[in-house]
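Engineer: The lines below spell out each chain.
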Amino acid sequence: MAMEVTQILLNAQAVDGTVRKQAEESLKQFQEQNLPSFLLSLAGELSNEDKPVESRKLAGLILKNALDAKEQHRKLELVQRWLSLDTSAKAQIKAGLLKTLSSLAPDARSTASQVIAKVAGIELPHKQWPELIGALLSNIHQLPAHTRQATLETLGYVCEEVSPDVVDQDQVNKILTAVVQGMNASESNSDVRLVATRALYNALGFAQANFSNDMERDYIMRVVCEATLSPELKIRQAAFECLVAISSTYYEKLSPYIQDIFNITAKAVKEDEEPVALQAIEFWSSVCDEEIDILEEYGGDFTGDSDIPCFYFVKQALPVLVPMLLETLLKQEEDQDQDEGAWNIAMAGGTCLGLVAQTVGDDVVQLVMPFIEENITKPDWRQREAATYAFGSILEGPSPEKLIPLVNLALNFMLTALMKDPNNHVKDTTAWTLGRMFEFLHGSALETPIITQANIQQIITVLLQSMKDVPNVAEKACGALYFLAQGYEDAGSSSSPLTPFFQEIVQALLTVTHREDAGESRLRTAAYETLNEVVRCSTDETAPMVLQLVPLIMMELHQTLEAQKLSSDEREKQNELQGLLCGCLQVIIQKLGSSEPTKYVFMQYADQMMALFLRVFASRSATAHEEAMLAIGALAYAAGTDFAKYMSEFYRYLEMGLQNFEDYQVCAITVGVVGDICRALEDKILPYCDGVMTQLLKDLSSNQLHRSVKPPIFSCFGDIALAIGENFEKYLMYAMPMLQSAAELSAHISGADDDMLEYTNSLRNGILEAYSGIFQGFKGSSKTQLLMPYAPHVLQFLDSLYMEKDMDDAVSKTAIGVLGDLADTLGSNAGPLIQQSVSSRDFLNECLSSDDHLIRESAEWAKLAISRAISF
Amino acid sequence: MAPHDLRRPFKRPAISDQQRRREISLQRQAQNRRDAQQHARCLASTLLYLQFPQAEPASEPELELESVPEFQAEFGTELEVEFEASPREFDIRQASKLKGSQARKWFAGQLMLPEWMIDVPDQLAQDWYVFARPAGKRCFVVSTNGTTVSRLRNGSILNRFPSALPNGARARDASGSAQSYSILDCIFHESDQTYYVIDMVCWRGYSLYDCTAEFRFFWLNSKLAERSEWFYSKPFPICSPQRSWPEMPLLNHIPFSCIFHESDQTYYVIDMVCWRGYSLYDCTAEFRFFWLNSKLAETGACDQPSYYHRYRFCLVQVYNCDQAGLSAAYVPYVKDGLIFYNKHAHYQTGNTPLALVWKDENCSQYVIDTDSKGQIPSQQQVVLELQDNGNLTTSDDPPVVFGFLDEGFVQKSGLHPGNLLRFAISEGGLSFVDGKLARADLKYLGKSNRARAFADSYSKVVFQHMARHSPLQFDDLLASIGSSIDQEDKPSEVEMVG
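So the protein sequences, as listed, match chains U and L. Residue numbering for the first sequence follows the working numbering, starting at 14 and increasing by one per position. Residue numbering for the second sequence follows the working numbering, starting at 79 and increasing by one per position.
Calculated from the structure, these hints are not laboratory results. Quick caveat, the model's predicted, so the values are computed rather than measured. Hints are not guaranteed to be accurate.
Interface residues of chain U toward chain L, partial, derived using beta-carbon atoms under 7 Å [stated by the list, open to error]:
id, residue
1, Trp445
2, Ser457
3, Pro484
4, Pro510
5, Pro513
6, Glu542
7, Asn545
8, Leu643
9, Leu735
10, Gln789
11, Trp874
List time: in silico SDA-like cross-link candidates among lysine to any residue, alpha-carbon distance up to 20 Å [unchecked claim]:
id, chain 1, residue 1, chain 2, residue 2
12, L, Lys525, L, Leu483
13, L, Lys525, L, Glu439
14, U, Lys658, L, Gln201
15, U, Lys586, L, Ser94
16, U, Lys612, L, Leu483
17, U, Lys612, L, Arg106
18, U, Lys103, U, His154
19, U, Lys612, L, Gln201
Glycine included, C-beta positions come from ideal geometry on N, C-alpha and C.
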């Protein structure tokens, strides 16, 4: 058998397809017939020094894949499968894995490290394999270098795999000691030093206690800083990555080290190789991120009580940090603008400069202006580009008062450069900078406009001209126009300064979408996005022109649907285009549907448009589906009850969307569209409710579906109940228990992180919206008594939400509304229940005096409804 | 070790328009959901006031008719602002403090007001109903706390009486929940003392068990549209006098809306606004008429008057607007013109082009407006509202400007923005360019009757003008039915409305 396994594993890597396929088939059979024995023989293969390294490596990989998977639901299955496996088999497998760490074959060791981490990831949270860390670290000093290396690598992977709370502080101390010793300059083997440095990166999250201890923290910091000076590039890079991680995890502990770190990073940015220099810049970007967050959270208002004070590291380093970053801007690569994935020191430096500007505001301006003035007119394109990039980078952060005079001076120069500069790179950056000017310094909120009657004509002429330039420049020009239009979004129904140019702009954008090379630099996408924004921000004056767009865009969509016999590459492009066209129609529907006169005329296209959207569902592209679905939602909203006539045809796609677990965005959007249709059709949706409810209930009970879709599904229950009223009766027995158990789960989530709390609140909101819709839906029906049995639970849920004190404002508003809806619908029957409820009175009073007017409004409503319920 | 995520390249576009579209959609959906809930809740709040008119008798608006104050002086600024902001949603306790013109405006705002037919809609035969408008007073019938109250278009009370409408009389045990409302849109016909019900918008009540079975049947029926189509192809049965008042364990308050016909003292119910708490505001006319017919007869409201049921309620015969229907509705009897309802129209408060009124001498005594003495003035008179900027506008939304008063004149005459002013249309008449009003030759007569809540609507002025010069004839209506069938296959043309 064992011999056979080796051969099969080798065959599975054969060049000959048939041999490979056969081998894969036998592996599959083996696994299905006897899983424990299959895993055991794989572990045996991996740990056997006599076997060829290729078969050992593959054995390890298959073992790893038997423990973990990307999809959440598959992962959970595999975890359960491993946990239920025979204990002695597992013990043998684990012993084999540990033994492999001392193998002479590096590939076998490395594979074993990864598998051990996966097993640890499953077992440690279940308090199994408690001896793992001890076993790894016992007599680590006596081990040969290659085993030490494999052990440290394993520790790193384990730290990456498990969460800090499943490892005792005692074991953490041991891990950190071993890792930091491995990083120390006294470690002569550079492979060991490298894996130790990488292991520290993963172990940093475990080191809370150690970072609070001055002596231990000093030691770790010293070792990390020393490692940044290692002769090995990879070690220097890994050490800087540790510094980046420390800057975000332990920002508040950085103070004593910041001067030294600045010196180290400055030297690296100036002299070191690019991978290291990039990490050194990243350190400062990361510090900026932290300070921006802190300053945002406290609004500049610090007290001794603030969780994390701002140390203003960036502000203090400014006089030296800014020149260092400006220097990097001159190190551009040729053609970096054509390469989507490009990332180099100049780009990283500009990005960091932008973050610095956001962190310190006005102070950055005087440090950057001399550089711009000196370089912007130089013959070398690098200098002109760097100067322009620097200017564009500081446009977000400093005050408009500081920037607007500078922008007014620069605007004309930029417009000329965009037309006349001989270098594409400079033009690209110039168009981008114009876009940033319009994004941050143009709009109704600003007192002094940078775009005036005097220059708007010239600006638009230049941008439209520039849209004929090479794709990357044209794409940036579209982006600038996007923000130019956005600045006028508050024009409302009154006149917009863009009106005289509207036709010309739309024409130019449509021309761009038809350019042969519009596929490059995402030019076509940018042109449609800009067109969308121009439409969104248009006013009644230009509504007839927007209306003229409808048949045009519909025709384009029609043509993509007619295209025959496409290669898969061409089909992908068609799908992308269909997505863009559906998106554009969606924006137009929303625009024209928002005012009665335009809606009336526009709805004449509804039949044809709907037919086109339905045809888009024939494609296999998730993006196109999503866009078509969004457009249909907008159409349903505009059409109201008239939408009923499309339902018989549309229904199967609706169902399809609700079944799309894989592309959960499609599913989420479809759920939203169900809500739109409920409000549009009201009771006319009834014939479709059985199917829709079945699907939604399936979605909720699926562990394959992304969790973010679940809260909107609950809200959707409310939409359906509000639409069909007491006909929701037959769904109560399914929906209510689900709401109850979700409510119980979401009521208490102590110790959750911010993400979890945010998700929980969205889940609570969905549950409460469901209750609201159901109560309001049954209002006045003879069947309200059907809801009575659920009332105690709903009140209890509200009680526990109030007690937990971790609701956000949206949940408070919905929750107090539910209290009102319950009282409104159940009336006097609910009076005693409400009076018995522990906290409804306090909750109501709290909401009545809330600062949030939406909460107050809901509370006023609840008060009114309760007073009626109690007085009868 | 995990590679550190690269930063998003700073110079690449920050925006994903798709993400933006998604977010905008989600915002729109969330807003629509809030609106739908708000609407459901608000309905109860609005009616709550109607339910307890006795609670604060001092503030009953209808008592204030005699002393119409200048509302600038009468109302605190705060109240006025809130009222202007959202008349449908504002607090009920504030509504109860409204007096005079503000109160009338508020109640008047609850009725759907037909526009006058100044041209014949397309698809008249397919999309519209027609019925004879009984001559009488258009009103809103609300039965509450053992009494029934009818209110005129201007919000003032017409009658307070017991009725067989649920909770419309004290005769029955009123121990049940008071949370149910119905609103009927009626015409009271004085001579036969009957309320003719023309529409129904809302009905509420937990406990009317004999309605429930039908209610369930009705809602469960997925072929609703076809059924009611079939239903409406026959004239409405007027009412079934044999029916007895059904046994109801609980009685409810019900607000309605009707036309009171003075000569037969009858409320002709023209619409139902609320029936047992089911808001029918958002239902199509088709749907509401079906309800009207199936519900009203069962309550006994159509029975002959008795001690506990002072006035009769009658359903108006509603026809599909085809040749036969139109001719049937046109047959002369005591009525006041024809009303056309678009089948798909929701009950929309205020002026709506989806309900139209049309008259000629044959079917109405009141084709051309009369003055307060019942005489037809030699020149057409119109009532317009004076705006801040001196413009004279109609009651439409958006208002149509008919003319302008200069500041000197306004001051000299002691006028204020918001005043309703009466004008005569002089020799110059009204001139139209491309179907739009271009010029009106107006002569100032004075302030209008103080009981008025609104200026005239554009369609009313134009209809009156046409009635004097080139009336839209019954034959035109018949002809349009013939021709619209011919044109059914014609592709629809796009009309730009810039």
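Engineer: Give a verdict on every hint.
Structural biologist: Results of checking the hints against the structure:
no., hint, result
1, Trp445, "holds (6 Å)"
2, Ser457, "violated (19 Å)"
3, Pro484, "violated (13 Å)"
4, Pro510, "violated (18 Å)"
5, Pro513, "violated (15 Å)"
6, Glu542, "holds (4 Å)"
7, Asn545, "holds (6 Å)"
8, Leu643, "holds (5 Å)"
9, Leu735, "holds (6 Å)"
10, Gln789, "holds (4 Å)"
11, Trp874, "holds (5 Å)"
12, L:Lys525 <-> L:Leu483, "holds (14 Å)"
13, L:Lys525 <-> L:Glu439, "violated (29 Å)"
14, U:Lys658 <-> L:Gln201, "holds (18 Å)"
15, U:Lys586 <-> L:Ser94, "holds (18 Å)"
16, U:Lys612 <-> L:Leu483, "violated (35 Å)"
17, U:Lys612 <-> L:Arg106, "holds (17 Å)"
18, U:Lys103 <-> U:His154, "violated (28 Å)"
19, U:Lys612 <-> L:Gln201, "holds (19 Å)"
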